[in-house]
Amino acid sequence: MTVMMPAPIDQQEDEEVLVPHADLPANNHQPMEVVAQPENANTVESQPVEDPPSSRFTWRIDNFSRLNTKKLYSEIFVVGAYKWRVLIFPKGNNVDYLSMYLDVADSATLPYGWSRYAQFSLAVVHQTHNKYSVRKDTQHQFNARESDWGFTSFMPLGELIVDYWTYDSKKETGYVGLKNQGATCYMNSLLQTLYHIPYFRKAVYHMPTTENDMPTGSIPLALQSLFYKLQYSDTSVATKELTKSFGWDTYDSFMQHDVQELNRVLCEKLEDKMKETVVEGTIQKLFEGHHMNYIECINVDYKSTRKESFYDLQLDVKGCRDVYASFDKYVEVESLEGDNKYHAEQYGLQDAKKGVLFIDFPPVLQLQLKRFEYDFMRDTMVKINDRYEFPLQLDLDREDGKYLSPDADRSVRNLYTLHSVLVHSGGVHGGHYYAFIRPTLSEQWYKFDDERVTKEDNKRALEEQYGGEEELPQTNPGFNNTPFKFTKYSNAYMLVYIRESDKDKIICNVDEKDIAAHLRERLKKEQEEKEHKKKEKAEAHLYTIIKVARDEELKEQIGKDIYFDLVDHDKVRSFRVQKQTSFNLFKEEVAKEYGIPVQFQRYWLWAKRQNHTYRPNRPLTHIEEAQSVGQLREVSNKVHNAELKLFLEVELGMDSRPIAPPDKTKDDILLFFKLYDPEKEELRYVGRLFVKCTGKPLEILTRLNEMAGYDPEEDIALYEEIKFEPNVMCEPIDKKVTFRTSQLEDGDIICFQKASSMDSEENARYPDVPSYLEYVHNRQVVHFRSLDRPKEDDFFLEMSRLFTYDDVVERVAQQLGLDDPSKIRLTPHNCYSQQPKPQPIKYRGVEHLSDMLVHYNQTSDILYYEVLDIPLPELQGLKTLKVAFHHATKEEVVIHTIRLPKQSTVGDVLDDLKTKVKLLSFHSLTCLHTKHAQKSH
1 MTVMMPAPID QQEDEEVLVP HADLPANNHQ PMEVVAQPEN ANTVESQPVE
51 DPPSSRFTWR IDNFSRLNTK KLYSEIFVVG AYKWRVLIFP KGNNVDYLSM
101 YLDVADSATL PYGWSRYAQF SLAVVHQTHN KYSVRKDTQH QFNARESDWG
151 FTSFMPLGEL IVDYWTYDSK KETGYVGLKN QGATCYMNSL LQTLYHIPYF
201 RKAVYHMPTT ENDMPTGSIP LALQSLFYKL QYSDTSVATK ELTKSFGWDT
251 YDSFMQHDVQ ELNRVLCEKL EDKMKETVVE GTIQKLFEGH HMNYIECINV
301 DYKSTRKESF YDLQLDVKGC RDVYASFDKY VEVESLEGDN KYHAEQYGLQ
351 DAKKGVLFID FPPVLQLQLK RFEYDFMRDT MVKINDRYEF PLQLDLDRED
401 GKYLSPDADR SVRNLYTLHS VLVHSGGVHG GHYYAFIRPT LSEQWYKFDD
451 ERVTKEDNKR ALEEQYGGEE ELPQTNPGFN NTPFKFTKYS NAYMLVYIRE
501 SDKDKIICNV DEKDIAAHLR ERLKKEQEEK EHKKKEKAEA HLYTIIKVAR
551 DEELKEQIGK DIYFDLVDHD KVRSFRVQKQ TSFNLFKEEV AKEYGIPVQF
601 QRYWLWAKRQ NHTYRPNRPL THIEEAQSVG QLREVSNKVH NAELKLFLEV
651 ELGMDSRPIA PPDKTKDDIL LFFKLYDPEK EELRYVGRLF VKCTGKPLEI
701 LTRLNEMAGY DPEEDIALYE EIKFEPNVMC EPIDKKVTFR TSQLEDGDII
751 CFQKASSMDS EENARYPDVP SYLEYVHNRQ VVHFRSLDRP KEDDFFLEMS
801 RLFTYDDVVE RVAQQLGLDD PSKIRLTPHN CYSQQPKPQP IKYRGVEHLS
851 DMLVHYNQTS DILYYEVLDI PLPELQGLKT LKVAFHHATK EEVVIHTIRL
901 PKQSTVGDVL DDLKTKVKLL SFHSLTCLHT KHAQKSH
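Numbering-wise, the sequence shown is residues 1 to 937 according to our numbering.
Where hints are given, some of them may not hold.
Label pairs and their computed distance ranges (CB to CB) [said to hold, decoys possible]: (1) G709 / K560: 16 to 24 Å; (2) E280 / F795: 33 to 41 Å; (3) E521 / P790: 33 to 41 Å; (4) K459 / T880: 49 to 57 Å; (5) E725 / K692: 30 to 38 Å; (6) E874 / H290: 45 to 53 Å; (7) K533 / N509: 29 to 37 Å; (8) T880 / T804: 23 to 31 Å; (9) K533 / P790: 36 to 44 Å.
Hint data in this document are derived by calculation from the structure and do not stem from the laboratory. Being a predicted model, the structure only gives us computed values, none of them experimental. Just so you know, even glycine gets a beta-carbon here, dropped at the ideal spot from N, CA and C.
Let the sequences and hints guide you as you build the complete structure.
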């Protein structure tokens, strides 16, 4: 429990938040723990005294589940020179929850009129995984009447005592949960709701897919796979394939949308895929309803109607006590009179009434409760935590069909029963999502909370999700027992109802006959692969992965996949070998694989150097080769790593057959050689040589020319490739000094080329090895997209990351055939959302191309461009406004774009708007209001 003692401040909306099953921040103190320890312990760890003082108090309770007392106090601890203690009700304070409060320990002896203020956190910490810890924060002005403060319903007793690691959702409930991927927010609760509409699940199973489809690229297959696993798996199911299939595979993707948009994206894409199949029209049959917007004149015979469809309805929570009140508000009639008269065709301005009535409701009615709203006064999003009731049965034919239009079919009985309650717990800036569902519409409710599924009662699913305030009973009988209240931050934000007359059709039987054979086969194979990987993982400690690189891999990779160092070890042959296997036995396996006799194989260990390069370091000794693979790996790795990386040296004779490797003395150095061709801008691996450390490069020039296919007397220049991170270091080698003097050693790389003449320097972009390697190191292919079409590449350009702002826009202007590069405006890419960032790059606002491409710790290769009608520096001196003009007598809304100098006034905006809008009189244009659009999640 963390207590802080600042000066009192006004209560803010989100000060007290319950976020079940959320990780406690790493920098937070661990609060009250309920654990099994051999003895009780109370500790207070004070931080350095600051203003305000704060402290952590940890209370460990032995055998908590066996406590047989109504309430229990902790030992006293001191914060800010005041005495405190924690009070708990192990069996709940007249509720089925753990009740926990912070109590002023010496309240009975304090002088008359005392008070003290504290901000504090109370938490129950899960002893093996913080994921399941529960924490609540609040603040209070303590006094004689209110000497304790906290939470009557801190957490359900059932969740407190259950062991999360041994709890089996399938065994306890018959259902499994969905894994929380860390960025999926509200998705899991929505998917569980859709899955538990059997008619919908059956339709998904009947969508045509083939064995050649990939789940990550096919929403139908991904959803079929997910539903199949939910139906037949014994453990929780992952959702990554599905999120990738509709492009929401990043955290930002979820933060930029809400549950309603996710529902619509899924349904629209499924609806499209269902066309011309046996399940065409299923989405509409289940979820689509229709309402009629009407405007009816009062004094003349004129009525305008427009029929619209809906898949869900957004209902107001603010100012409405329940669902019926929201529907009443939805169909409320608005009067159009006075300055707001309706312009009727042929009749001119008329008094009229405007409203909405329902033509028909769908079998499955989805109600989105508007818990998140934009507060114009505070200029921010707020969460509406007001009490809002919803019935188990919803009658939309009430009061003689007051919600229905004259065209509605009155023979259809619109009586609905509640199927799902989707809950958000937390504040506007974050929280947790879960769902209460009745899969068969029986009396039994189930809570689907990510991986965990539990049985729940009617009260938990309905009443406790209404929101509003919770009463906090006083525990001091000697004082005024007026109940205190605090806001409940867990409440329903979406409801799903199923029409009584359709429930037998919708809650239908779904079995394996509904699932395509190829899907069953695919998922069976997936399960087998999963079991195989699980077995491999379980046995991983018994095996070593040996990665063997040869000259063939160096030739294949250098100049194509890599340019620096010698090889990408992820692209060489891997051998999975039991650790107790002798290395000599492994050599026999290599002999079978490559046809190289054991006696002609010599292996080198790789070493990571201080300059972050990775080179062959030394050959294995005969003693090391006699060891087991496991022992050898331990010798080669200073850090724990299951891999053993080796270079296989094979010498070839005149007939290109393997021969015994030469003896290596301490004077011999193994060098690797790359050849550079400035005309072709090509780098390739040409081989390796042993040289004497006392020898000189002059002595091997003929051999190098032979390796390169040059004339034996060709004049060549030599460079040592030293390092490439963070900068390239490639220096000339003096051919007249010894290798030892040049500090060359085993595993070093020498790059060589024909000695540059003046002509070749003029004709080649990169005349020598250092300039070419510098180019490769900074080379960047950038994909440019029009800001109007952010999903499609328009063109790509090869650039250097060192290009300046001017270099980049000049190249883009050339590509577009534009004379003035200053009319190009660029916008960087958000690597998480896969969308343009909200703010474009200012004119010369960044130094280099590399700055344009970086996004937090990731680098993108995408930039968005616009062609402006005026130069960017000029545009930046102006303020651009989008003004939505609502005509007083017409229904049309026109968006006007206005550009004015930044020092302009609202009057200037109105003057400019007058030039764009034709009005009989302009006196009614009196207010200009700017709105900031934000999302709530």
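Going through the hints against the structure:
1. G709 / K560: 16 to 24 Å: holds, 19 Å
2. E280 / F795: 33 to 41 Å: holds, 40 Å
3. E521 / P790: 33 to 41 Å: holds, 39 Å
4. K459 / T880: 49 to 57 Å: With Cβ atoms ~54 Å apart, the hint holds.
5. E725 / K692: 30 to 38 Å: holds, 31 Å
6. E874 / H290: 45 to 53 Å: holds, 50 Å
7. K533 / N509: 29 to 37 Å: holds, 34 Å
8. T880 / T804: 23 to 31 Å: At roughly 27 Å between Cβ atoms, T804 and T880 fall inside 23 to 31 Å, so the hint holds.
9. K533 / P790: 36 to 44 Å: holds, 37 Å
When the structure is compared with the earlier hints, no violation turns up for any of them.
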